[in-house]
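Chain order of the listed sequences is L, A and D. The first sequence runs 1 to 735 under our numbering. The second sequence runs 736 to 974 under our numbering. The third sequence runs 975 to 1207 under our numbering.
Just so you know, the hints here were simulated from the structure itself, not pulled from any lab data. Note that CB positions come from ideal geometry on N, CA and C, so glycine has one too. Warning: the hint list may mix true and false statements.
[Said to hold, decoys possible] DEER-style ranges, computed between Cβ atoms: (1) D:Thr977 <-> L:Arg87: 32 to 42 Å; (2) D:His995 <-> L:Ala319: 50 to 60 Å; (3) L:Leu480 <-> D:Val1105: 55 to 65 Å; (4) A:Asp741 <-> L:Leu480: 51 to 61 Å.
[Said to hold, decoys possible] Partial pick of chain D residues on the chain L-facing surface, computed with a CB cut under 10 Å: (5) Thr1057; (6) Phe1065; (7) Leu1068; (8) His1079; (9) Thr1125; (10) Gly1158.
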Amino acid sequence: MDKFLSITVGGFATGAIYAVAASGLVLTYATTGTFNFAHGAIGMVAAFLYWQVHVAWGWSTPVSLVAVLLVAAPLFGVGLERLIMRRLEGTSETTRLVVTISLLLGLLGFSVAMWAPGTNRPMRQFFQGNVLELAGIRIPWHQLVSLAAAAAVAIGLRLLLYGTRRGITMRASVDNRSLVALNGSRPEHSAMVSWALGCSLAALSGILIAPTLTLSAVPLTLLIVNAYGAAIFGRLQSLPLTFVGAMVIGLATSYGIGYLSSLPTDLQPYARGLVDALPAIVLLAVVWLLPASRLAQVTRTREIAAKPSWGGAIALAVASVVGSAMLAPLLTTGELVSIGRLWGIAIVGLSMIPVIGLSGQLSLSQLTFAGFGAVAYAHLGWANPLGLVWAALVAGVVAGLVALPLVRLQGIYVALATAAFTVLCDRWLFPLPEFSIGSRPFQFFPGSLPVVRPHLLGIDLTSPTASFVYASVVFALLALLVVAIRRSAFGARLIAIKEGPAAVATAGISVAAVKVGVFALSGAIAGIGGAILSSSSPATVSQFDLVAGLPILLVMVVGGITSVGAPVFAGVFLGSPLPTKLMSGHFDLGRWQNALIGLVGVSVGRNPNGVSAALNPAGRRVKADLPVAAALIVALGTAWGLRITETISNGPYVALTIAALVGSVWLARRRLPEAISLAELDSVRGVASGATAPMIEPELLGLTVPYTPEAVAALDEALDLASAGRRVEVSSAGG
Amino acid sequence: MLAVEDVSVRFGGQLALQDVNLQAPVGEITGLIGPNGAGKTTLFNVITGLGSPTRGRVLLDDRDVTRIAPHRRARLGLSRTFQQLQLVGSLSVRENIELVVRRDRGGESASACATRVMDLLGVAHLADVLAHTIPTGQARLVELARALASRPRLLLLDEPASGQDPQETDQFKEILRTVAADGVGILLVEHDVPLVMGVCSRIHVLDYGRIIASGSPSEVQSDPEVVAAYLGTTEVSDA
Amino acid sequence: MTTLLELRGIRAGYDGLEVLHGIDLVVEAGSVVAVLGPNGAGKTTLLRVVSGELEPSGGDLVVGGRRLNGVPAATLARAGVCTIPEGRGVFPNLTVRENLWMMTHRGVGRSEVEETAFAYFPQLAARTDQVAGTMSGGEQQMLALARAVVTGPALLLLDELSMGLAPLVVQGLFEAVDRLARAGVAIVIVEQFVDAALDLADRAVIISQGRVSSEGAPAQIRDELRAAYFGAA
C-alpha cells in the first residue's frame, strides 16, 4: 500500500513536470500555429545552462533560476520569434515543422559542442535530502517543488490568459489574427510573448526533470515526446486537458517502472522497453482516437514542386554510378568502410521524396522503415537483388499498416504519430530480446545485424569497392523510379493531395487510398535503403532511431525535398566522413555538424524550395553552354586522372573538383550575352525554375497585372537582374 | 438527375439550410441564386459530400448518396468546381486535367480526353503552363475543363464566372450550353444574375437557407420576394 | 464639414490580379456613405484598403489629411478607424466581456468599456459571460458593433453587417448604426440590404468591376441599382 502511494505521488510529480512542458508547447502552438519540435531541446539546453551557472560557476540557486528562467529563456524565445518564426508566414506546415526540427538538431549539436558528453555533471535536486513524511510515505521535497511549479504555472497561465488584455489578445489571435489587428492589437506581439513564455516553461521543465535523470542531451531532448502525448491529449488547445494528459502519462510511467519488478523475471526484459515507450503509446492511442480532419481546400504557399526532366534524372543516375566507380578505386578499404553508408542514407533520403515532398505527409518514420528493411534483409540472408525486394516488401507492408490509421489526419498529427511509432520501435520493438514466432526463435537486432554482402548473377560483389558501386547502381535505379513516379499519374495525385485534398476527393480520387499507397511505396524504398545499409556494415538499433533520422530529413529539406539531387547531399553529408576530413586539423566540423545542419535548416523559411531549386538554374546554364560543359567534363576527368596516378593526394583532388564545378557555373554565367536568355530558356520549356513567387509574364506586367514591387522583384529574379545590382526601385506610391 | 430532399443543416445554434428541395435534371442548366450567406456553398458541400446534412437526403439518379464518401459520389458522376479556385499549382494545366480522367469510362486515353476538353474550353494553349501562374478568368475555365474530364452526369459550378471579364463571360455562356446539350446536368451558383437568367431553364432562389422561389427566369425575375432578397427591401409590397 | 477620408485613384488587388482600378472617394467627418454594387465588384477590397489590411498598389489613402498608405491595420485602428469585417466580427471562443476587454487600449478601463457597450446594447448586459460563438448571428453582430462603439471611433467601416441574418434582426442592427451616425461617427457601409443602407446614407456610390460607376444622393442611386443588379432588363 505504501509502495502504491509513494509511486502514485511520484507519478503525479513526474506528470507535473510533463504538464509544465506540455503547457508551454500548447501555448505556442495555439497562439502561433507553429508546433515546436525543439521544445524539449530548449529545456535541455536550459538545464545545461543552469548546471553551468549554478554548479560550475557557483551562482546561488535563486540567481541561477532568475538568470535561466526569466532572462535567458525568454530572450531566446523573443529572438526565435523575431529572427525565424516571423519569416515563416506563407510557408506550409511541413516547412514550419522542419524549421523547428532543425532547431532541435541545432540545439542538440550546440549542447554537445559546448558541454562535451561523457563528463559527469551532477545536478542536485531542489532541497535534496529533505523529505516530507506523510501518512507513512516519504515524499522528497523535489517532488513537492515540481507539483508546486505545475500548480503555479496552471494558476499563472489562467490569470494571464483570462485576466489580462495581453492574454485575451493571445486567445483572440487563435480565433482570428486579422480581426485582432483590426481591433488595434498587434498579433505579432502576442506571438512574441507566447514564444518567450513557451521557452521559459520549457526551461523550467528541463531544470526540474534533469536531476531525476542524468544531465545528458539526447534523453532530455526526447523527454519531450512524453509532453507531446499530453499536449495531444488536450488536442493542442485545452490547457486543462493537457494537464490531465500529463498526469495520465506521469502515473502510467511511474506505475510501469514501479511494478516492473513485480513481473516474472523472464518477462521483465520484454516489458522494460514497453515502459519506456508508454508515452509514445499514449500519444499513438490519442492520435488514433482523434476525429477526422476536414479535407483542406487549396492553400497558397510559396512552395512549388518543380517537375524533374528525364534528362536531368538520367544525368544524375549516370553521374552517381560513374562517380562511385571513379571514386571507389581511389580509396583504401578503411576509407571505403567509412563512406559505406553513403548510398544507404541517400536511398532513405530518396524515400522521403514521394511521401513528404510530393504528398506532404510528414513521415518521421522513414529511417524506422529502413530498419525493418535492414532486419528483413539480414535475417533472410539472400545476397542477390531478391533480398532487396524482400526488404522492400516487408518495409512497405509495415509502412502501409502505419498509414492506415493516419489517413484521416493531416499535417502535424501525421508527424507526431509517426514520431511516436518510431519511438515505440526504438525503445521497445527493435531492442526486444529473443522471442519465438511459432517455434522459430527471432530477435530483431541480435546485437548488430550480420553483414550480407551483395552477389549478382554469380558475380561476387563482396569486395568493399564492388559493393559500394553496387549500392550506387541501386540508388541510381531508385532515383529514376522516383522521377518516374513524379511524372506519372500517381505522382500528380500525390501533389494534388498535398495542395488540394478537397478538390481531389470531389474529382473521384480516394485520398485515403493515395495516402496508404504513398506510405507503402516510400516505406519500400526506405526498406531497400536499410538493406543497403546492412550490406555494408553491421547495423545496430541506434542507427535507425528518431534522432538519427532527423538530420536526413533536414538535409533533404535544405537540399530540396522534391529534388532527386538532394539525397546525394544527404548521403555525402551524413553517410561519409567528408565534412570532418575536409577540414581536419583546422576546425572540428564533425563536432559542429548537427549544429550546422540545424543552422542551415532554420533558414529554409527563406527559400522553402531548397538549395536544389536555387542551383537548378546554374546547372541549366552550364548544360546550355556546350563549350563550358565540355570543359567541365575534361577538368573533372583530368583531376581524377591526376589522383588515380597518385600525382596528387585527396585534398587537392577535392579542391580541384570543387573549383571545376564552381568555375564552370561562373564561366557559363559570364558567357551568356544577355541575362534575359535564361528567362527565354524557361519560357520555352514552360517550367518555373523553382520560383518562389508567382511567375509573371513580363508582357503582362503593368497592363493586366499591376506593377507591384513584388512583381518587379519576381521579374528581376527571373531575369537575374538582382544579382547584377540593377534592381529597379518602384515606389509603392507610384500611380 | 440530382435531387435534394428536405435537406437541413445546422451549425452550432444556427440553421444554415432549412428543408431545401430542388432538382437538377440531366441535360438542363438549373440556376441557384441568392444573396451572400444564403447557404449556397453549404448546399454544394452537402451535395458533394464535403459536409453532411443534419436532416434530409441527396439522391443521384434515384440512388441515396447521402452517406457516401465524396470520391465515390464523384465516381457516380457528380463533379464540381469551387468558388475558391482549387487547381493544383505545381502541376501543369494538362496534368491537372489528366488527374481526374477515369479510364473505366469510355475507351479514351487520359491525354486524348484532356486534349478534347481543353479544346472545348479554348485553353489548349495553356496545356503545359503551371496552374499557379495563370490568371483567374482562365483558371476558372481550366477548373471547368477538369470537372468535365471526369465525364460527369451532373456538374456543380460554384461561381464559375467570377473573375472573368464580360467577353469571357459571353464565351462561357456558350460553353455551358454546349456542355448541357451533351447530356450533362448543370447546377449553377452564380452572382452574375444576367448570366444565370440567360442560360438557365429553371432557377431556384435561396435566401436565409430556404428556397423562396423556383421557376423559369421570367417567373423568378418578377417574384417580389426575390427582388426583396436581392435589394433587401424589408417590406415586400412596394417592389 | 471637414474631409475625414479621401481615396485618390486607389488601385489594389491580390496575387497579381487587380481588383480596384482607380477608385476616388471622399467621406466627410460625421457622414454616412453607402458603397453598393454587385458581388465581385471590389467593395470588400476597398474596405480592406481603408482599414490598412491591404496595401494599395497605387493611389493615395488619406485619413485626416495624412497619407497613410502602408500603415498597419493595428495602428489605423488605434487612430480611430474601426472595422467590422465580412462574416462575424467577434472572437467566437471569447466571452462577451472578453470581447469587449480587447478594446481597452485607447485609454479606457474595463468597467468603462462595459458601461458604454451595455448602454448601447442592454441585451448584451445579461450575457456577459456567454461565449460569443454560442450566441445567435444577430447578437454576435450586435457585440461586434458594441466593440466598435466603445473605442469612440472617428470612422466605422461596416462590411455586410447583415450577412445571413433575418430582416427583423437586420432592422434592429441598423437602428443601432443610425444612433452611431447621429452621434457623429463617420460610416462607410457595404451592404446587400440596399434599401436599409440607402435609408441611412448621406451619399452613395456604386462600384462595378473595380471602378466607381455612379455616385450621388441615395434617392438617385436607388433607381440606378436595379439595372446594376439585374442587368438592363
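Okay, the hints, checked on the actual structure:
no.: 1; hint: D:Thr977 <-> L:Arg87: 32 to 42 Å; in the structure: 39 Å, holds
no.: 2; hint: D:His995 <-> L:Ala319: 50 to 60 Å; in the structure: 52 Å, holds
no.: 3; hint: L:Leu480 <-> D:Val1105: 55 to 65 Å; in the structure: 56 Å, holds
no.: 4; hint: A:Asp741 <-> L:Leu480: 51 to 61 Å; in the structure: 56 Å, holds
no.: 5; hint: Thr1057; in the structure: 4 Å, holds
no.: 6; hint: Phe1065; in the structure: 4 Å, holds
no.: 7; hint: Leu1068; in the structure: 6 Å, holds
no.: 8; hint: His1079; in the structure: 5 Å, holds
no.: 9; hint: Thr1125; in the structure: 7 Å, holds
no.: 10; hint: Gly1158; in the structure: 20 Å, violated
Of the hints listed earlier, the one the structure fails to meet is number 10.
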